[in-house]
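Asks: Spelled out, the chains give:
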Amino acid sequence: MTIATIEDVEFGAELPPFEPDTSLVATGAFADAVGWGRAARFKDHDQARAEGLPGALVPGIMALGFLSSMIHRWSTAARIDSIDTVFRAPLLAGEPCTLSGVVTDIDEETGAVQLDLTVKNPQGENRVFGTASIRLPVA
Amino acid sequence: MIDVDSLKDQFVGAEFDAREFVLDPGKLVAVARAVGETRPEYLEPDHPDFQATPAFIGSLAAARHLPIDFPALGGIPMDGGKAVFCIAPVRPGVRLTGRSHLHDIYDKSGRSGRMLFIVSRMEIFDPDERHVATSDARMVVRERPQS
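Protein sequences appear in the order of chains A and B.
Taking this note's numbering, the leading residue of the first sequence gets 1, the next gets one more, and so forth.
Taking this note's numbering, the leading residue of the second sequence gets 1001, the next gets one more, and so forth.
In isolation and in its complexed conformation, chain A is listed as follows (with noise of 0.2 Å):
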């Protein structure tokens, strides 16, 4: 169902799930981006686990990155206005996670929205969790 309003809304309602990228290649690229492209725990499983890693990771502000693509895929029409996520547990690079998002709050006369967000990993586990506000068009 296309969301273009606030009235496509519907309190209780889930995101569609998204499975992101989380190779090394997409954390590398990302790494490079902002800027932390020296840093080898986000490219290099081998030089990650010789910093007492598990393995290279996932910079957590990706796993943020992730959230705010599955609101803009749910809806064209949001706009992000705050989110905010809490980092529980890495995130290993490689390995797949799932991100799903609840609706927790409408306010029809303004358009906002709340939503609690989770990723997790292979084994269910909550990684990072967190919270978004967003509005959409009063129709």
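Calculated from the structure, these hints are not laboratory results.
By construction, the Cβ of each residue, glycine as well, lies at the ideal position given by its N, Cα and C atoms.
Hints may contain errors.
Computed Cβ-Cβ distance ranges for the label pairs, DEER-style [to be verified]:
#1 A:Gly-94 x B:Arg-1019: 30 to 36 Å
#2 A:Ala-139 x B:Tyr-1106: 37 to 43 Å
#3 A:Pro-17 x B:Asp-1079: 23 to 29 Å
Quick list of in silico lysine-lysine cross-link-like pairs, DSBU-like style, CA-CA up to 35 Å [what the hints assert, rightly or not]:
#4 B:Lys-1008 x B:Lys-1108
#5 A:Lys-120 x B:Lys-1108
#6 A:Lys-120 x B:Lys-1027
If you want the ones that stay clear, here's a sample from chain B, every Cβ over 12 Å from chain A, calculated [as the list claims (entries may be wrong)]:
#7 Asp-1003
#8 Leu-1007
#9 Phe-1050
#10 Ala-1072
#11 Gly-1075
#12 Arg-1095
#13 Ser-1109
#14 Phe-1125
#15 Pro-1127
#16 Arg-1142
#17 Glu-1143
The hints should help you fit chain B onto chain A, whose structure is shown.
Replies: Only chain B this time, still in chain A's reference frame:
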């Protein structure tokens, strides 16, 4: 034991860093692609509303994480989370200024001891001094047990 109220009184709200940025359109696109963005305003530099994604805004960092005179807390700091507040589009190719202050300091105690949370906030302004975005970085430090 660290006195959180004292730290708050001394540091919260005081600007400790100001830094200028000029965002590169190619890097904005690279980040948008890496996070799976599909909207043209994040992917196409020629789009009339081309702007930085929330993730790119959240990646902008102060030259230092904490005020220069902030005391050493003893434990290893961890990245506890990020928040981004989008007020107006953040555009490439113009001079942006990020001003940072500590927004909050608080603690939580659990079975494994006390954790300190330090929220560093960067407010981002465009060339007209208009506040366009805010980025919070939440640092977590596990307090070392007293021996």
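Asks: For each hint, tell me whether it holds in the structure or not.
Replies: A quick look at each hint next to the structure:
Distance hint check: the CB atoms of Gly-94 (chain A) and Arg-1019 (chain B) are about 33 Å apart, consistent with the given range 30 to 36 Å. Ala-139 (chain A) and Tyr-1106 (chain B) have their C-beta atoms about 41 Å apart, which keeps the hinted 37 to 43 Å range intact. Separated by about 25 Å at the C-beta atoms, Pro-17 (chain A) and Asp-1079 (chain B) satisfy the suggested range of 23 to 29 Å. For the proposed pair Lys-1008 (chain B) and Lys-1108 (chain B), the alpha carbon gap of about 15 Å is at most 35 Å, so the pair holds.
Our distance criterion of 35 Å between C-alpha atoms is met by Lys-120 (chain A) and Lys-1108 (chain B), whose separation comes to about 24 Å. Distance hint between Lys-120 (chain A) and Lys-1027 (chain B) is fulfilled; the C-alpha atoms sit about 27 Å from each other, no more than 35 Å. A cut-off of 12 Å between C-beta atoms confirms that Asp-1003 (chain B) is not in contact with chain A; the least separation is 25 Å. Against chain A, the non-interface label of Leu-1007 (chain B) holds: every CB pair exceeds 12 Å, the least being about 22 Å.
A cut-off of 12 Å between C-beta atoms confirms that Phe-1050 (chain B) is not in contact with chain A; the least separation is 15 Å. Here Ala-1072 (chain B) stays apart from chain A, with its beta-carbon at least about 21 Å from theirs, past the 12 Å limit. A cut-off of 12 Å between C-beta atoms confirms that Gly-1075 (chain B) is not in contact with chain A; the least separation is 16 Å. For Arg-1095 (chain B), the non-interface assignment is confirmed: its Cβ lies about 17 Å from the closest Cβ of chain A, beyond the 12 Å cut-off.
Residue-level check passed: Ser-1109 (chain B) sits 18 Å from the nearest beta carbon of chain A, beyond 12 Å. Under the 12 Å C-beta cut-off, the non-interface status given to Phe-1125 (chain B) relative to chain A holds; the minimum distance is some 18 Å. Once the 12 Å rule is applied to beta carbons, Pro-1127 (chain B) is consistent with being away from chain A; the minimum gap is 22 Å. Every Cβ of chain A is farther than 12 Å from the Cβ of Arg-1142 (chain B); the closest lies at roughly 14 Å, confirming the non-interface assignment.
Even its closest Cβ contact with chain A, about 19 Å, leaves Glu-1143 (chain B) beyond 12 Å, as expected for a residue assigned away from the interface.
In terms of the numbered hints stated before, the structure departs from none.
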